[in-house]
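Protein chains: 2
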Amino acid sequence: MITVLSGGTGTPKLLQGIKEIVNPEELTIIVNTLENDYFSGVYVSADLDTVLYTMSDIINDELWYGVKGDTFITHERLEEIGCPELLRIGDIDRATKIQKTQLMEKYGLAKACEIQARNMGIKSKIIPMSEEQSDIKIVSDIGELEFHDFLIKHQSKPEVLDVKFSKVSPAEGIIEAINNSRAVIIGPSNPVTSILPILSLEGVREALKNTYVVAVSPIIGCDAVSGPASKFMNALGIEVSSVGVAQLYEDFLDNIVIDDKDSNMESQLKQIINKVTITNTIMNNLGVKKNLAQTIIDSIP
Amino acid sequence: MITVLSGGTGTPKLLQGIKEIVNPEELTIIVNTLENDYFSGVYVSADLDTVLYTMSDIINDELWYGVKGDTFITHERLEEIGCPELLRIGDIDRATKIQKTQLMEKYGLAKACEIQARNMGIKSKIIPMSEEQSDIKIVSDIGELEFHDFLIKHQSKPEVLDVKFSKVSPAEGIIEAINNSRAVIIGPSNPVTSILPILSLEGVREALKNTYVVAVSPIIGCDAVSGPASKFMNALGIEVSSVGVAQLYEDFLDNIVIDDKDSNMESQLKQIINKVTITNTIMNNLGVKKNLAQTIIDSIP
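Protein chains in written order, with this note's numbering: chain A, 17 to 317; chain B, 17 to 317.
Please note that the accuracy of each hint is not assured.
[Claimed, not checked] Straight-line Cα separation of at most 27 Å, DSS-like style, residue types lysine-lysine; simulated pairs:
1. B:LYS153 x A:LYS122
2. B:LYS225 x B:LYS183
3. B:LYS122 x A:LYS169
4. B:LYS122 x A:LYS153
5. B:LYS139 x B:LYS183
6. B:LYS169 x A:LYS122
7. A:LYS286 x A:LYS306
8. A:LYS169 x A:LYS141
For the record, the hints were derived by calculation from the structure and aren't laboratory data.
Go ahead and model the full structure; you've got the sequences and the hints to work with.
If you want it as structure tokens, here you go:
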């Protein structure tokens, strides 16, 4: 069994490679739920949906959000009638969210996700990190912002001073999945808003210490490959580099995968982490994704 | 000022005629809200939306539900993924419902409706009969059913034994609207599930007694022009005929408009209601709708 910790962009890219290599029934994906919330009457679990769509090959992999080829009739109408929708929810995507909301209110989020994954023909196990509603606030130079307001309304532009999020309990099966895995892969997702929330769940860091953990750095040089990770890392006083990532995970990390461009960091990283793997991490096509996945899998003892 | 009491099919047809004749600013429409409920995370006030769409000329006037030319991408996807939606909500229509839900949760239903009407360019006043959530149950030979389950899931087929609905308070401005009108028109809507709920609001029957009231019978011969009105009338022991309708309204009704085909009922009706107007009430084109509206307006003293 392999377990992957995932956010919503970098790790799904990697999952496209992993799913070609690993037996899907041997794969568990634990997904961040920190920013989940209700929008337009439906529960939006953006990272979970991205993972579901990725694993069922319908992801819009330009945006890493929503369904490929979706239409936006309701969304555009809302704009037209003066009720703009913060999240750009497509018409097909909205159906997923309506169904998840109904299933969740009946069975809880984990079971809802399990049912949807099965319906989408996904053989891997996809577990939301928690059944509980979390709360995340971005403390910025223009005040305390909701996560999606910061990301979308303010386009990640404000200076970030702090990131605050509530502590939630892990969903059933998470600790067990980690304990039963021969390796845990931490994908190249935002360390602060996607991975730290999972690491903050009670028992997760302890479980990771007893498992082989390999992390793919989402940072090349001194900037994130995508998204506002740098700002969040800066705000929390984490060095924006693969070294900063390594320090964040050092109590349990066995192997850090960094990009060829950062090969000069190898010796510095080796003082923190046992093993450093250097390869191409810029996943701009399926070949790179598969190679990266293969390199990771091959590195597992 | 003219006030119209409306349900969701017969009266909107008549409204298409009335809006061509009456100054829209002199028109108030009080709309049934009995079956309002949440579906797919949004508040559905079917009759209100039908009246809004009718007055803004975007109604699907084949179904008298939803927006003309709408698409059903989300609705069809829900079916496809095993989560069929009881109500057939179109993509454009869904935007109206999302907006109304948000406005309602902020300002209440009446204000939400007022804002939407204004945004749609409607100059008439459209008031939901109540701000309160009502509850309607159809007691049938296969058990007690939710209204929409009876109507859609069971296609109005079960035998109806009784219709039960909760008492709610009138929305602000309803009694005032009736009191300030030179006439109230009761449209040819289902007397049991559309008009009786409005009549059951505290103060409405009293106010109607002091106003000139003209009702268009939704029954021709011994059957309803459309919908399951006959079943509901039967269940409540109301004769299914214009005479039955007249008896239901006799404490306040000044004039009943019946179809040419029922002219034989004139003398019997005159024993119950002061004035009987006989004309073509089968509104299958705008000409008939306008003629009927004109006949009604002309009959007001």
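Going through the hints against the structure:
1. B:LYS153 x A:LYS122: holds, 23 Å
2. B:LYS225 x B:LYS183: holds, 20 Å
3. B:LYS122 x A:LYS169: Distance ~21 Å between LYS122 (chain B) and LYS169 (chain A) Cα, so the pair holds.
4. B:LYS122 x A:LYS153: Judged against 27 Å, a Cα distance of about 23 Å means the pair holds.
5. B:LYS139 x B:LYS183: violated, 30 Å
6. B:LYS169 x A:LYS122: Since the Cα atoms of LYS169 (chain B) and LYS122 (chain A) sit roughly 21 Å apart, the hinted pair holds (cutoff 27 Å).
7. A:LYS286 x A:LYS306: holds, 25 Å
8. A:LYS169 x A:LYS141: Measuring from Cα to Cα gives roughly 33 Å; hence the hint is violated.
Comparing the model with each numbered hint stated earlier shows that hints 5, 8 do not hold.
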